[in-house]
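**Q** Listed here are the chains, written in short residue letters.
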Amino acid sequence: MKKTLFDKVWDAHVVDAIDNGPQILYIDKHLIHEVTSPQAFNELKDRDIPIFRPNQIVATADHNTPTQNQHLPVRDDLSRHQLEQLAINCKANNITLYELGHKYNGIVHVMAPELGVTQPGMTMVCGDSHTSTHGAFGTIAFGIGTSQVAQVFASQCLLLTKPKSLRVTVNGTLKKGVLPKDVILYIISKLGTNSGTGYFCEYAGDVFENMSMEGRMTVCNMSIEMGARGGMIAPDQTTFEYIKGREFAPRGKEFEKKVAYWKTLPTDDGASFDKEYIFDAEDIDPMITYGTNPGMGIKISDAIPNSKNESDKKSLAYMNFTAGETLLGKPINYVFIGSCTNSRIEDFRVAANYIKGKRKADNVTAWLVPGSRQVETQIVEEGLKDVFEAAGFELRQPGCSACLAMNDDKIPQGEYCVSTSNRNFEGRQGQGSRTILASPLVAAATAVEGAIIDVSKQFS
Amino acid sequence: MEKFSTLISTAVPLDISNVDTDQIIPARFLKATDKKGFGDNLFRDWRYNKQGDLIQDFALNKSKYSGSVLVAGDNFGCGSSREHAAWALVGYGFKVIVSSFFADIFKGNALNNGLLPVQVSESFLSILFAAIESDANTQFEVNLETQTISIKETDLKESFEIDPYKKTCMINGYDDIDYLLSKKNKIEAFELQKSNSL
Ligand code: SF4
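Chain order of the listed sequences is A and B. Taking this note's numbering, the leading residue of the first sequence gets 2, the next gets one more, and so forth. Taking this note's numbering, the leading residue of the second sequence gets 889, the next gets one more, and so forth.
Since the hints were derived computationally from the structure, they do not count as laboratory data. Note that this is a predicted model, so its numbers are computed, not measured. Where hints are given, some of them may not hold.
[Stated by the list, open to error] In silico lysine to aspartate or glutamate, EDC-like type, Cα no more than 16 Å apart, as pairs:
| id | chain 1 | residue 1 | chain 2 | residue 2 |
| --- | --- | --- | --- | --- |
| 1 | B | K1071 | A | D17 |
| 2 | B | K1072 | A | D17 |
| 3 | B | K1054 | B | E1033 |
| 4 | A | K315 | B | D945 |
| 5 | A | K46 | B | D922 |
| 6 | A | K165 | A | D12 |
| 7 | B | K923 | A | D47 |
Modelling step: build the complete structure from the supplied sequences, incorporating the hints.
**A** Rendered as structure tokens:
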């Protein structure tokens, strides 16, 4: 039987199956954070069930952490309590925690790959829908709810029905100024926000083969925005080189053995998928969103399409946009470069490269929030911090920040924010805020211009 | 988890598609470390304005609508994995959510909290919305045993699907942890075999 990458990894983790029901899937790595774990810890405690495999769990604090003055006690009482609870729970159960201030602290989907925790062929879960990010390594990685966090705590397993398979192929060469973020925004704009529901998606074709690991993570990260539980990219030399030498990566002979196994994982020629889509790289331009779901994306220079759908109309009313208009020249007062989609070193290099020698427009508040302490250190070491500061940008400390605005990093009511995050839902970045999703390049250009400009023109 | 078999109730209509979990429960309310109290902030920014006053024309605030069934537009529960969304809906008093499509993670979270997601065809969903609009006191019956949803006093009904294992869990109030713990031996055997093969 010809197998897909997804089949190979999934099948290798099935412990047992219920007749006419779900399968028991073994989970190799479980990532946790402060927001979706406390109720699961309580559940186990109440039922007097021990944590089954604490050494397969890695914890970080990210969603609800401040991005300034991290050395001081967290001011907000509820947030501080939530962070303390995580520390207490991890300590009581012998779970490794990279808490605020630790050199490995960061957004869960940035720090785990960076430490080599994420490896090909694994099954990984986290109480966070963007766990799909780790699929960039050829890993089955997906978000779970808190009840499932408790299940993994108790048994290192989950009861699941095997999802169907979907493949998105993009061949060709990307145009200058088109980044991985544009590729995934383009795919979602073509397929819609629920095309992937019930599926696990594999991304294939030379566009992904030629992409860096950072870029692959950006793409897989947003798989959930088209409804797919996860996305995957076949592991290859780029993957192996990224992993090699990282803190928790296998070493020496062990590494060679793993690589030999990882090389067996890519989809067999002729394996079949339940659904397939094929796109051409030449058709992709820098993208932005104009509505309140990530599927509402257009080429940066296109006009907002007309729609009779009531939800689309409601969405345009919320954004205060009109069908038929283009967003070029629209004044923007907030720019956010960060989130688990685009807060890796490569994203800041792209931004710095554009910003160098320019200045931020006076009307713009621009927040740059690295995905982890390690990224932050690298920004300083590579001299990018100097570039940002000379241009009037504010480099903050790592965390989820304005991606979900649980901390103080909120976009004010009615304001537009060009953001490199993954969700433009109503109020996602603060009550009444209006989010326009884009790549780090488009975000940097917006900050310099003070308005949306057509970056593709600058490259042609 | 509470048991579920049959429910007869009026319904609240929410004719909006792509209702995401950030609307169901905004992130700023996720700071609690227990499951209580989320119902108060269900659909917070659609229910209340910034001053904290009720927004009168939002469906949940209209006094004519009541009941423990929420009938919602397509692709309900998309977005984040926060189970707080299910806790908020249950906390508010909903026991059944009807839609033509549910996002994956939300659906699982609902089932794990005794909240039944009932997926119906788009045409039946329109019939349900129309029935509520013409009479807010229309009663609906949701029967998990027979897997049907019907409009009382008419014979309009549709059947819905549910994983047989999940159905048993809902009817008996079991959860997955009990089941997984009963499989400990198999799980340990799997681990052993896995470590030997690498
Ligand atoms: S950065 Fe945003 S999307 Fe990513 S884990 Fe944090 S809150 Fe979720």
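**Q** Indicate, hint by hint, whether the structure satisfies it.
**A** Hint-by-hint comparison with the structure:
1. B/K1071 x A/D17: holds (9 Å)
2. B/K1072 x A/D17: holds (11 Å)
3. B/K1054 x B/E1033: holds (12 Å)
4. A/K315 x B/D945: holds (14 Å)
5. A/K46 x B/D922: Status holds; Cα separation ~13 Å.
6. A/K165 x A/D12: holds (13 Å)
7. B/K923 x A/D47: Holds, because 13 Å separates the two Cα atoms, which is no more than 16 Å.
Hint check: no violations occur; every hint is consistent with the structure.
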